[in-house]
Every structure is written in structure tokens, then in C-alpha cells.
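Chemist: Sequences listed follow chains A and B, in order. For the record, in the first sequence the residue sitting at position 11 is 11 according to my numbering, with numbers rising by one throughout. For the record, in the second sequence the residue sitting at position 276 is 276 according to my numbering, with numbers rising by one throughout.
In case anyone wonders, no lab produced these hints; they're calculated from the structure. Predicted model, so just to flag it, every value in this text is computed and none were measured. Errors might be hidden in some of the hints.
A pair counts as met if it fits within one copy or between any two copies, since identical chains are not told apart.
The calculated lysine-lysine pairs, modelled on DSBU-like cross-linking and capped at a C-alpha distance of 35 Å, are [stated by the list, open to error]:
id, residue 1, residue 2
1, Lys28, Lys89
2, Lys259, Lys124
3, Lys222, Lys124
4, Lys72, Lys58
5, Lys144, Lys28
6, Lys204, Lys249
7, Lys26, Lys89
8, Lys133, Lys76
9, Lys26, Lys128
Below are the chains, spelled out letter by letter.
Protein chains: 2
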Amino acid sequence: MKTYLDCIPCFFKQALEAARMVTNDKEKQHEILNRVARELPRFSLNGAPAEIGSVVYKIVHEITGDSDPYKKVKEKYNRIALSLYPKLKQEIERSTDRLLTAVRIAIAGNIIDFVVGAKFDVEKELQKTLTCKFAIFDYEDFKKLAEQAENILYLADNAGETVFDRVLIEELDKKVTYAVKEAPIINDATIEDAKFCRIDKIAKVISNGSDAPGTILSLCSKEFLTYYNQADLIISKGQGNYETLSEEKRPIFFLLKAKCPIIAQDIGVPEGSIILMKGH
Amino acid sequence: MKTYLDCIPCFFKQALEAARMVTNDKEKQHEILNRVARELPRFSLNGAPAEIGSVVYKIVHEITGDSDPYKKVKEKYNRIALSLYPKLKQEIERSTDRLLTAVRIAIAGNIIDFVVGAKFDVEKELQKTLTCKFAIFDYEDFKKLAEQAENILYLADNAGETVFDRVLIEELDKKVTYAVKEAPIINDATIEDAKFCRIDKIAKVISNGSDAPGTILSLCSKEFLTYYNQADLIISKGQGNYETLSEEKRPIFFLLKAKCPIIAQDIGVPEGSIILMKGH
């Protein structure tokens with residue numbers, strides 16, 4: 001997905017939100033916005049929004065000296081999500097289609113996204129996502145490939161969400177590689193978050209070698225790219241991964257909730273929709 | 001009112017909206033946003049948002065060569081508003097407090113604001129504004145001053161809204177000077193709009209000498225400042241005039257609907273509130 005002009009005001013909104021996470025110093029917050037303003041005209045809109053987003057968050061880090069503004073929030077949501085794990089497993093146990101319920105749970109985990117900023121109630125959102133209609137539902141294809149696949153690459157999204165991913169990985173019951181970020185970026189999961197949620201007990205956890213949001217292949221490590229090219233199923237979680245991989249020709253399935261109006265428009269679904277979509 | 005950091009993302013949103021009003025050329029729209037990005041760091045936040053807003057709209061004009069992107073929209077709403085005039089007068093006739101109803105009508109006219117961008121239904125909004133509770137209601141002071149005043153200066157806001165202002169001016173039944181913009185800026189009323197709505201039949205219509213949004217005194221003409229300094233009541237319509245005059249020590253009453261969350265916060269009222277507020 002390319003960057004839309006509508007993303008530009010949003011980069012400033014995101015920069016301000018991140019700045020406020022780290023510092024109360026209004027001068028510094030203003031300096032961050034001014035630096036974003038000076039950097040922005042250098043970028044074309046041909047890349048994914050996440051590519052510019054990555055620059056925005058780097059500016060926040062540089063000016064505040066805080067390379068992990070979302071650390072506390074991530075820890076909090078890791079804990080909340082982990083406490084929900086038994087409940088998530090119960091939902092699987094009482095469901096008639098375990099894999100589908102696990103997919104719904106994995107998407108529900110995608111609500112843990114502080115960038116979008118809205119307050120939310122995890123349990124309420126979970127119940128909604130367990131029952132609501134998919135706007136795109138390539139489930140039969142997904143199920144078939146999930147059964148056949150030998151090497152599944154699972155692209156993580158946010159911290160906390162990892163617990164919900166764990167439930168899906170357990171249902172897949174295959175050799176899964178779980179790829180997270182090399183270093184903190186926004187609230188994206190890192191190896192630390194994956195381990196906290198004990199994904200390392202059921203999957204091989206690797207870093208994608210990059211600290212950009214989403215999966216910008218040109219910034220990923222060779223090791224990651226080997227997994228990426230060899231996987232016979234890639235499960236891509238969340239908006240950032242969609243933005244950066246939507247045009248890729250690999251066996252990718254995008255699992256996400258379209259929280260951003262522009263991403264929803266790019267996919268062609270109403271804002272707030274849940275999606276299980278086969279890539280190109 | 002000073003500029004808040006939250007206004008910065010909004011300047012880009014406004015620039016994009018204005019750009020889209022004038023051109024479908026995405027390159028030009030992008031150029032506008034880039035130019036705004038380059039200009040923005042030059043400004044302090046000590047001025048009102050309208051001061052930076054004025055630069056933003058100048059950039060749109062310069063790059064597109066269109067000095068009046070809202071021309072058609074203004075003409076349309078002038079016509080719609082004028083067709084409502086008999087209905088507005090009926091509301092006055094059947095009210096128990098004519099002046100208060102006229103104040104409510106003038107505020108209802110303030111919904112005609114395309115910058116904020118939301119779709120709206122003029123008649124529905126009118127009915128709501130005729131009955132809803134004021135968040136700030138300095139009506140007794142306003143009524144007293146309106147009765148005593150000999151020279152009233154009425155600061156116009158948007159085109160179309162002028163018809164609603166006309167109803168209040170008719171109820172005031174005093175010597176009123178109606179100040180509009182020197183040249184088109186956003187959807188603000190100009191002399192042409194005032195005349196279209198026939199304000200010139202009941203008040204002296206003048207330009208404030210500036211084409212900035214709101215009333216930036218340092219940019220206004222000497223003629224306007226004479227009226228401003230001699231008026232014994234100043235009626236200030238809308239958010240732009242509030243932004244630029246909120247700290248002034250003159251007998252100003254602010255009539256507006258707080259459509260912007262940041263302005264609502266600055267005033268200390270919930271977003272969407274209607275206000276009749278005495279200045280300092």
C-alpha cells in the first residue's frame with residue numbers, strides 16, 4: 001500500500017502522541033513536530049505509510065533520548081493479555097470450529113494498538129470479534145493452506161497481542177516461526193514481549209532484523225528473508241504488516257481489524273471491519 | 001488564544017481539504033502539504049491558530065492559483081441561508097424572548113463552516129440550537145449592553161451565516177457596523193456575501209482590511225481599528241474571531257459553537273457547546 005495524502009496529517013498526530021508518551025516538555029514536543037515537518041518533504045508517497053512512520057518515531061527517540069516510549073504501556077498490556085489467556089483457551093474449547101475461533105481471537109488481539117489512541121475494553125472487544133461478520137473472509141483457502149503448510153511464518157504486530165497470537169499458533173499445531181521487531185518501535189512486539197507471553201515455548205521466535213513498523217523487506221535481515229521466502233504460509237497480523245506487504249506475491253494471509261479509515265479504504269471495506277484476506 | 005500543538009496536525013488536514021476543493025491533481029496537493037511542512041517550523045505558537053491558518057490558505061492559493069477555493073460553496077450556502085430567512089423571522093415572531101432567539105439563530109448560523117468538514121443539516125441544526133442549553137450564558141450582561149450601546153461592531157464569520165447575523169442585527173435595532181474580510185479566505189464572508197444577504201440595507205458593511213481568518217488586529221486596517229476602538233459593544237461570531245480576540249480587553253461578546261475540540265478545551269466547555277460569553 002502506498003502512502004495517501006491523508007496519512008500526512010496523521011504522521012503529525014502520531015508524532016505528538018508519541019512525544020506526549022515520553023515527555024511533558026512542550027518545547028520538546030514542538031521541536032519533534034518541527035523536525036517531522038522538515039523531514040517530511042524529503043519523502044515520496046510511493047512507499048508504505050509505515051516507512052515514513054518509522055522516520056517519525058526515530059525523530060521522537062532522537063529528540064527525547066527515549067528509544068522505547070511505549071515500554072510501560074507494553075508491559076501493562078502484556079500482563080493484561082496474559083491474564084486473559086485461560087479465558088481465550090476456554091473460548092476455543094467451547095467453539096465448534098477451533099481454528100476459526102483462534103483466527104478471530106488473533107484478530108481481536110489486534111485491538112491492542114495504542115497508536116490509534118482510542119480507549120478500549122479488551123474483553124468487550126474480544127466478544128464482539130468472536131461473533132461479528134468478516135468483511136473479507138478467505139477462510140477456506142486459509143484453512144486448506146494451514147493444513148498443508150510445513151513452514152509457517154507468523155508476522156507479529158503489537159505487544160500484548162502476542163498472547164492472542166499464541167492461541168492461534170497452538171491451534172495451527174505446525175512448525176511456526178514467529179517474527180518480531182529487532183528493537184522497540186511504537187508498541188510493536190520485540191523478542192522480550194514474545195518471551196513474556198511464552199511464544200518461545202511453541203514457536204521459533206526470531207527478529208525480522210528491523211525496527212521499522214510493519215515489515216519493510218528492504219530493511220529486514222537476511223535470516224528473516226530466508227524464512228520469508230521459504231515459508232509456505234505467511235500469517236500477517238495488523239495494519240503495519242498489511243501496509244508494507246499488501247503488494248507482495250507470496251502466500252500471505254492478512255489478519256487485521258481495519259482501524260484506520262485510509263487502510264479500510266485501501267482494502268475496500270468499511271472502517272472497523274475485521275479481515276481474513278488472501279494476498280496476491 | 002495561543003496555538004496548541006494539536007493544531008499542527010489540523011493545519012495539514014485543513015490544507016489538504018482546501019487543496020482538494022480546488023484541484024484533483026495529487027501532485028499539487030502533495031506540493032501544498034510539503035510547502036506547509038516547510039513553512040510551519042518558522043512560526044511560534046504564541047499567536048492564534050488563525051495566524052498560521054492564514055499562511056496555510058495563502059499557500060493553497062499560491063500553488064493552485066485559485067484565490068477563492070470556496071467560492072462555489074459560499075454561493076451555495078448564501079442561497080440556502082437566504083431561502084431560510086422567512087423561517088428564521090417566523091421563529092423570532094413566535095418566541096417569547098426575541099433577542100435571545102435572535103442570538104440563538106446567529107449561533108446556529110455558525111454551523112455553516114466547511115472547514116470543519118462534517119456534513120450537516122442546516123434546519124435540523126437550527127432547531128437544536130434554538131432549544132439546547134448554553135455552556136456559557138452571559139445573556140443578562142449582553143442584553144444590558146445591547147440596550148445601552150450606541151455603536152455596535154459586529155464581526156462576521158462565514159458566508160451564509162451572514163443571513164443569520166442579519167436576523168440578530170434586525171433585533172438589535174441599533175447603529176451596527178458589520179465587518180467582513182477584505183478578500184476571500186476559506187469560507188469567510190466578504191463584502192459581496194454581506195451584500196448578497198442584504199446586510200448592507202440594515203448595517204454599515206465594512207472590510208476589516210485583512211484576508212486572514214478571524215480578526216488579527218495587527219493586520220487590520222486603520223479604518224477598521226477606529227470602529228473597533230470606538231464600539232461600545234463588539235459581537236464576535238465564530239471560532240476564528242474567538243481565537244484571535246479572546247485575550248483582548250474590549251466589550252466583546254463571543255457567540256459561537258465550539259466545534260473544534262481544542263477551542264472547546266481552551267474555553268473550558270464540552271465540544272459542540274454553544275456559547276454566549278463576555279470577554280475580559
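Chemist: Classify it for me, Lys144 with Lys28: is the Cα-Cα distance of at most 35 Å met within a copy, between copies, both or neither?
Modeler: Neither: 52 Å inside a copy, 47 Å across copies.
Chemist: Go through the copies and call it for Lys222 and Lys124: within, between, both or neither, with a Cα cutoff of 35 Å.
Modeler: neither (40 Å within a copy, 61 Å between copies)
Chemist: Since the copies are identical, ignore which copy is meant and state whether Lys204 and Lys249 lie within 35 Å (CA to CA) inside a copy, between copies, both or neither.
Modeler: Within one copy, since 24 Å is at most 35 Å while 68 Å is not.
Chemist: At 35 Å max between alpha carbons, let me know whether Lys133 reaches Lys76 within a copy, between copies, both or neither.
Modeler: Within one copy only: 30 Å inside a chain, 41 Å across chains, cut-off 35 Å.
Chemist: Up to 35 Å between alpha-carbons, please classify Lys72 paired with Lys58: within, between, both or neither.
Modeler: Classified as within; 18 Å inside a copy, 43 Å across copies.
Chemist: Please work out whether the CA atoms of Lys259 and Lys124 approach to 35 Å or closer within one copy, between two copies, in both situations, or in neither?
Modeler: Classified as both: same-chain Cα gap 16 Å, cross-chain 30 Å, threshold 35 Å.
Chemist: For Lys28 and Lys89, with the copy left unspecified, which applies at a CA distance of at most 35 Å: within, between, both, or neither?
Modeler: Result: close neither inside a copy nor across copies, 45 Å intra and 53 Å inter.
Chemist: Checking Lys26 and Lys128: alpha-carbon separation at most 35 Å within a copy, between copies, both or neither?
Modeler: For Lys26 and Lys128, neither the intra-copy (38 Å) nor the inter-copy (38 Å) Cα distance is at most 35 Å.
Chemist: How would you classify Lys26 and Lys89 at a CA-CA limit of 35 Å: within, between, both, or neither?
Modeler: Classified as neither; 45 Å inside a copy, 49 Å across copies.
In this structure, the earlier hints numbered 1, 3, 5, 7, 9 are contradicted, and the remaining ones agree with it.
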